[in-house]
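Colleague: Can you make the complete structure from the sequences, with help from the hints?
Just so you know, the sequences run in chain order Y and C. Residue numbers for the first sequence follow the working numbering, so the first one is 1 and each next one is one higher. Residue numbers for the second sequence follow the working numbering, so the first one is 1001 and each next one is one higher.
Worth double-checking, as some hints may not be accurate.
[Said to hold, decoys possible] Covered by chain Y, per the in silico footprint, the following chain C stretches (three or more residues, Cβ under 8 Å):
| no. | segment |
| --- | --- |
| 1 | 1116–1123 |
| 2 | 1126–1137 |
| 3 | 1173–1187 |
| 4 | 1296–1302 |
| 5 | 1305–1311 |
Because the hints were derived from the structure by calculation, they are not lab data. Virtual Cβ for every residue (Gly too), placed ideally from N, Cα, C.
So you can see what is in the structure, the chains are spelled out below.
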Amino acid sequence: MGELGKPANIFTALVLVIFALTPIVAPALDESFYVIVFARFMIWGIAAVSLNLIMGYGGLISFGHAVYLGIGAYTVGILAFHGVTSAWIQWPLAIGVSGLVALVFGAISLRTKGVYFIMITLALAQMIYFLSVSAERYGSDDGLSILARSEFGVSFFSLNDKTTMYYTIFVFLLASVFVSWRLVNSRFGTVMRAAKSNDTRVQSIGVGTYRYRLTAFVIAGMMCGIAGLLQANLESFVSPDMMSWHRSGELIFMVVLGGMSTLFGPVTGAFVFLMLSEILAGLTIHWHIIFGPFLVLVVIFARGGIAGLLTRRADRD
Amino acid sequence: MPRHPRLHADHRPPNGLRNAMDYVLLTEQFLNGFQLGIILFLMAAGLTLVFGIMDLVNLAHGSMFMIGAFVGGTIAFVTGSFVLGVVLMVPAMLVIGMVVEVTTLRTLYPRDHLDQVLATFGLILFFNAATRLIWGLEGLVVPLPDYLDGIVSLGFGITYPVYRIVIIVIGLLVAFGLYLLVGKTKIGMLIRAGASNRTMAGALGVNIPKLFSIVFGIGAVLAGLAGLIITPITQAAIGMGEDVLILAFVVIVIGGIGSIRGAFIASIVTGVIDTLGRSFLDVVLLLFLPANAAESAGPAVSSMLIYILMAAILFFRPQGLFPPKGAG
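Modeller: See the structure below:
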């Protein structure tokens, strides 16, 4: 932080300004469509920030992180389906269930390392995915429509208002970055980063890294659960596709694209990733023919993501 | 994600709940599970070889499954011979696999697993889109020749489709062939040398890049074969390899990454448990749940069964059941 003049930071600021002003500027330009689009981008941003917490700072490559999006969203969806629409019940429960699932999955997968960890997080997420596909009562493959958004029971705050919805998401986005900033710079974060660079050494000085990692895993799961409950409210719809392994792969990509273990990297990464998808998808239905190789090239030539690219360019100048 | 046809046809009779436990159905479902296991093994063998030897996580292995089905299926359609489709698919997949290895994957060997996952994820998107561009959205139906399309009696009142037996036989032959290839031939010796110590094998004059290309080509052929031989049952669809890929991951995690023997045993176990779970779990649940609860919990729990199995195995043996000797 601090070096505000760096190109990466200017870019971050630009993205944040775009996010902040869209509901004001977009209708004026007759492009109200972008309010929903950017709201969606910000939700993915929250999910990416949560993944960065364990992947960027902890070195834990979870290939099933989208599952918590799904769990947060399905908790809201299923409660609404049964007539429970109060946010005071829905939201704590959505966060709690996400955290609980993260606790169980983390306890299992953190016993393993490296590629085993990648595959197990993938497989466990896939398990929940298939569970949602087989849940006929809640729409199976076709998903579940949510008839009423979460209600706060007060007159001045309703998610049915588009601008309120948008800025609620915006605040949660900023909050997620703030929480990860506080965590990373705490003793807790120091242990996480130390364990990432040398797990054995940290353990040998008497710090049990498993507990720390599990805690981080649970926090990340809960944060992603928040993204999920926001998504359910934004789209008024949940479906198994939200937690398919494609989504988990995309989340990893957003984090890497923006720059791992940087605070705002996941936010800009999500923005660039989704913006590019949006633009390419507008060109042709076969847009993955361009997008796929683009991702490959990013991995091969642009390690460190946008932040890395911009920083390197700046250093050269 | 498009909806994929299940890998295993459901043979359950409509009134399955009442007489499901009879031995004819049990045997049939066991064979179906075995056949699913064979398909998983063909996928897992290539995956575990590539991982064990090159330390490469290759998601695009699922694309090889799909491409094998589409390429082989098209050859079968053009020539009018399914057998010719299978035969010509082999050199085609060998070439495609080696091209992918040389152009993209080769640069990924020194990278960490994260980079490998991401780059091969990009490859999947590309291959899915390319397949859709060439063959369209509808997929491809590959009909069986008449002589493979029948049903054969196995005695004791058990009948079984000929073609599924053919799949099982092909799979067992390939497994045996792989065992011979890796254990008894010169190239197998080089593969094992490369797996246990890449640098030393290179220092002793083994052409490591060429060896890797060949191993990758073999893996692509095995995946393509799996995709092609399952196609007459399920038909070829875009993204068809992905569910199988993840199941194959489960298999090699259970079996121990890098172990072909582990992959074989874990494939069969996974295939059988998954299939039997889907057919009989609701009956088992009836023993201690009320009927309507059992009927709704059955499909949910059975779709989770192998993942629970995997979690349980890893809980006690984080390295899988058969970790290969010497591999770190």
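Colleague: Out of the numbered hints, which ones does the structure contradict?
Modeller: 3
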